[in-house]
Amino acid sequence: MSEDQVRMSCRNVNVAYSGNLAIKNVSMDIMSKKVTAFIGPSGCGKSTFLRALNRMNDTVDGCEVTGEITLDGNDIYAKDMDTVFLRQWVGMVFQKPNPFPKSIYENVAYGPRIHGLFRTKSELDDIVEQSLIGAGLWDEVKDRLRNPGTGLSGGQQQRLCIARAIAVNPEVILMDEPASALDPIATRKIEELIHKLAQNYTIVIVTHSMAQAQRVADKTAFFYAVPLTEQDNSNLIEFGDTKQIFDNPVDDRTRQYVEGAFG
Amino acid sequence: MLLTLFLAVLLLVTLLGYFVGQRRALSAVRADQAKRSLSTNNYGLAALPGFYGQRLAYLVFIPPFLLLLLWWLFEPRLADLLIHWNLPDAVAEATRGEQVGIISAIREAASSQGGALSGDLAGGDYQAAVSALQALNWINSTGIYLLLAALLLVLLVLGIASSKPTFRARKAVENWNRWVMFAAAAVAILITVGIVMSLLFQALSFFQAYSWLDFLTGTRWSPGGAFQRGYGEEATGGVFGVVPLITGTLLIVVIAMSVAVPVGLMSAIYLGEYASNRVRAFAKPIMEILAGIPTVVYGLFAALTFTPWLSAGVDALNGLLNLPVLKSVTLLIANLFVALGNVVIWLGGTVSGSAPQLMAYFSEVRLETGSDIALAAGVVMGTMIIPFVASLSDDAIRAVPDSLRDGALGLGSTRSEMMRRVILPAALPGIAGGILLAVSRAIGETMIVVMAAGSFAYLTFNPLGSVSTFTVQINALLTGDLDFGGTKVQAAFAIGIFLFFITLALNTLALAIVRRFREEYD
Amino acid sequence: MVQIIDPKLKDADYQRAMTLRRRNKGKRFQAWGIAALAVAGLMLAALLYSIVSNGVRGLMEDRITVEVYFDPEKIDPRDSGDLAVMRMFNFDTLVYPVLYEALDIKARGRSDRDKRRKVKQLIGLGASNQLREMIVRQVGVDPVTEDPILVSGGTQLGERVTVELTALSTASNPYTQTLRELGYLNTRFNGDFFTGVNSNDPGYYGILDALVGSFWTLLVCFLASFPVGVLAAVYLEEFAPRNLITDFIEVNINNLAAVPSIVFGLMGAFVFIYVFGMPGGTALVGGLVLSLLTLPTIIVAARAAIRSVPGSYREAALGLGASRQQAMWSFVLPSAMPGIITGTIIGLAGALGETAPLLFIGMVGFQSGIPLTPLDGTPSLAVGVFNAFGSQFDELKNQLSNSTIIVLLVLLMLLNGTAAYLRYRSEKS
Ligand SMILES: Nc1ncnc2c1ncn2[C@@H]1O[C@H](COP(=O)(O)OP(=O)(O)O)[C@@H](O)[C@H]1O
Ligand SMILES: [Mg+2]
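Protein chains in written order, with the numbering used here: chain A, 35 to 297; chain B, 943 to 1464; chain C, 795 to 1223.
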């Protein structure tokens, strides 16, 4: 697998909520085993676009996606695409940690259970252990796997959610502001974890912190809610290497945003 | 016998289907097939093996079971219908008693060996009905099971054949689930349809035998006076005029509401606005207990305890009215009424219940009570409804925004002025809606009036008299042998439909008012 | 410029008086509130007093203890030894003379006829049967001749045996006090009330059949309404498309919640008994009819409970690749369960007290014996209250009816207490 392989490819994607466009004409390639960050002022459609990548928007009444999004060349909005498989390949971590009201073990085991990823109990134990190790949580919880997941601290809960996501062995992990509800130390840990995970997974992260984008991301996309009248035909203002976006942005609005002029 | 056997087979096949479905799907996966892609899981299947099993189990269980259930539910009436269709037209002319005789003879013949009718029915046109019934009996005992077995087999074969690895078994299972859930939700419609159909069906039969105009405008309700068409008796003209029931129900509801509305409303205001936490902790349970007590308990209390108390109270009042000091006043008032009546009669009118001759004047005033007192039933019913009114008033008062409250207090109103001048007028639509709901509940209430109100439908508004209500009469007409072809039972359904639509209308109106009121403040 | 027309309004004393009047008016308003609460409280107190004072008396029963001489001359005057002959004897008549003698009443003649009648009224309906059983018992019916098969009851003619018999209407009987002083009449705990089945004879009346009948009825009601109610709620909250059919279903559920229970009784009688041919008077039909009443309650409670489950559970499950139904079964429904169960218990409590619809489907308690399955005819507790109310005997009508109510209210308290406890626990966590 070459380093620069395209994992997901988006072409002319529009997303509308009951007719109101939230995402307009966005095209980008998401590279395999790279961290891609979405930045931009709030309400510009970052979450909307992220959720379009694993069809989480399907559950929203009146949400409509047009354009083409492919995963390894397969159209994920194809009629016969089963979202169950798609989301196994493209997992998701949410802004607020949302562990299930069950034990830590059961939280991680839920995904493998519904996807049938194991034959024996010890295989499942293995998956749970590997996932918790992968999420850097194992040492902290290995003695209390039967305790409720909701009893952990916020940062631990979020890492539990990450462990839960990698337990189904996804290719792509989508993270929607995963650290915005956490304190600086927990945020740091999550960022380190993202670095580590990037060795094995393709990661797309929405963040409102430009410092965070610079710390974790290889690629950065700047979104902006353009008024419909404007010349630009897209909410994706600029997309490129993180270094270039922050040090040498092409678009004025990008420059203003990364310099902290607005948002 | 066959039923048990079939049910056992069905369960067995269902269980079998669960395992066969899984095996079948797994064994069809080719060894070289790519595991885990965007359309297959680790097993190389489009869904987990369990779903294949579940789907096959659903497929073989649900359709035969539904068929069997429907057959079991509707077969009893099917026999009746078959007999009816195959009877010669002449039977329609016969009395109900004769019809019943003929039908039971036909049933007997159909279940006997030869199937021949005996006696004067033999050889007549009745043999067709017997044959039809025999056919039905055969279906019921054998035919239906042959059909079910065939269906089961077909479904099993189809299901196994379609359990391919590419088949989306999870989607199929979830579709079945959705239908089951939809069916559960649609039960609400079925129940409504069942209510309306059964009420209409029986009520229409009633109105074929009894004029609806007489029913609606008649001032005498006396079902006991026979009107037994059939059973060889002459029609003796049982009388079904609902006017006394309407007035009786109205009287009791008015009494009940004049207890429930002031008490309920004032309790709600006091508890919501003035009461300390200690009072509230003590008073809330009173309301909850009043709300939770079954109506039969209220009924017993009304009949055995409250009515005697009330009688004793009225006796005491009689003593008071006839005390030397008061006697002249009460006599004067009473005789004024008599005089008024006499003037009416003198002018050529009639006074309720009186023959057109002058009435005698009183020499003593005495309030009469019988063994059933409308007031007693009404007051106890009102007590039952107090918590209902209180909780609905509370909702309405709470729905008034705090800004109104603050505004009133800010202008220097006292708390009671704020309540009476600002909050209550603002909450009035909500309270009115709640009262309508309470009225609807009072109209439909049964046990209290069955036990404590009268069974004879007097046409009176005297609260110390005895009146009867819709629900009392439904109960009286339906207790005992249920002859759904008889006029009495049908009359109960005719009142039932009356009751159903009155309460429906009241509720719809009340909910509309409450909803409008809510929107105003949301 | 606002002109103050009445100079009085500027006067401080006047203003103070006005304010006082307004305050007093407010106090009066508040007093009305207290009065309203007092009325509600007094009615409840009267109700409970009536139940407890009568009901507790029903838990005690008066018994008459007499030594009965099984006089062969009377029971079998021709000395035939034929059990069938002895069976025809009216055994009550063995008891009366003993009491006449004790009370100094002449056994013959016109003068004491009224007194004799009073004494006879004391002896319960079952006394004759009870004594007969001691002499001769029926154990079955001959299949061919259909004659009863009789065996000796163990007691021989000519024996003197002390027996205890039920005493009826003792409260109003003039001889109660005398007999009590003479030691013939005593009061004891009414054990039959808990172990016996419904009967016209207050001495034998019990609620065991009604209790078991209520259990079966509630079980059927639960089995019919809980799954349907929960599935309907899940469908309407999570899966129903917004369309006309869904709206129509919602309208129907709201209306059903307000239909008087008596209408459900009419419908149940017609549909279940007439159209479907189900056996009337059974817990099966009773439970089904009551399930029509509980269904809207359960649906409304279940929908509220499902709505209150945080959306994050569903979202997290979907993000992991669970289907909407999987998310439902594994997280949403279990989290909603305490609320659903609370609502269900409240619905069942309502069903336990429901009476009117059960009367129309034949649950009138003519059958005696404990219902072993939901397919046996049976009364329920609430119907039992109504039946007792219809009795001509004071003990049954006034007292045992209220005793039955006490049992009913205790069960209701248990049910509602459980519901309250569940709600409290789920609110705490
Ligand atoms: N479920 C929804 N229904 C309707 N509009 C929505 C919904 N979710 C988001 N939107 C709208 O879409 C736009 C983009 O929102 P979002 O993607 O959440 O922005 P961001 O994550 O960048 O802050 C906003 O204008 C928001 O109001
Ligand atoms: Mg967002």
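Be aware that a few hints might be false.
[Unchecked claim] Subject to a maximum C-alpha distance of 25 angstroms in a straight line, what follows is the list of computed SDA-like cross-link-like pairs (lysine to any residue):
1) LYS1113(B) / SER1106(C)
2) LYS1226(B) / VAL846(C)
3) LYS900(C) / SER847(C)
4) LYS1191(C) / GLY947(C)
5) LYS1113(B) / GLU293(A)
6) LYS136(A) / LYS1191(C)
If you're looking for bench data, these hints aren't it; they were derived computationally from the structure.
- Query: Are the Cα positions of LYS900(C) and SER847(C) separated by 25 angstroms at most?
  - Reply: violated (38 angstroms)
- Quick one, are LYS1226(B) and VAL846(C) close enough, alpha carbons at most 25 angstroms? At roughly 22 angstroms apart (the allowed maximum being 25 angstroms), VAL846(C) and LYS1226(B) satisfy the hint.
- Query: LYS136(A) and LYS1191(C): Cα distance at most 25 angstroms?
  - Reply: violated (55 angstroms)
- Query: Between LYS1113(B) and SER1106(C), is the straight-line Cα distance small enough, at 25 angstroms or below?
  - Reply: Roughly 24 angstroms separates the two Cα atoms, so the pair holds.
- Query: Taking only the CA atoms, is the gap from LYS1191(C) to GLY947(C) under or equal to 25 angstroms?
  - Reply: At roughly 33 angstroms apart (the allowed maximum being 25 angstroms), GLY947(C) and LYS1191(C) break the hint.
- 25 angstroms Cα cutoff - pair LYS1113(B), GLU293(A): violated (50 angstroms)
Against the hints set out earlier in the document, violations occur for numbers 3, 4, 5, 6.
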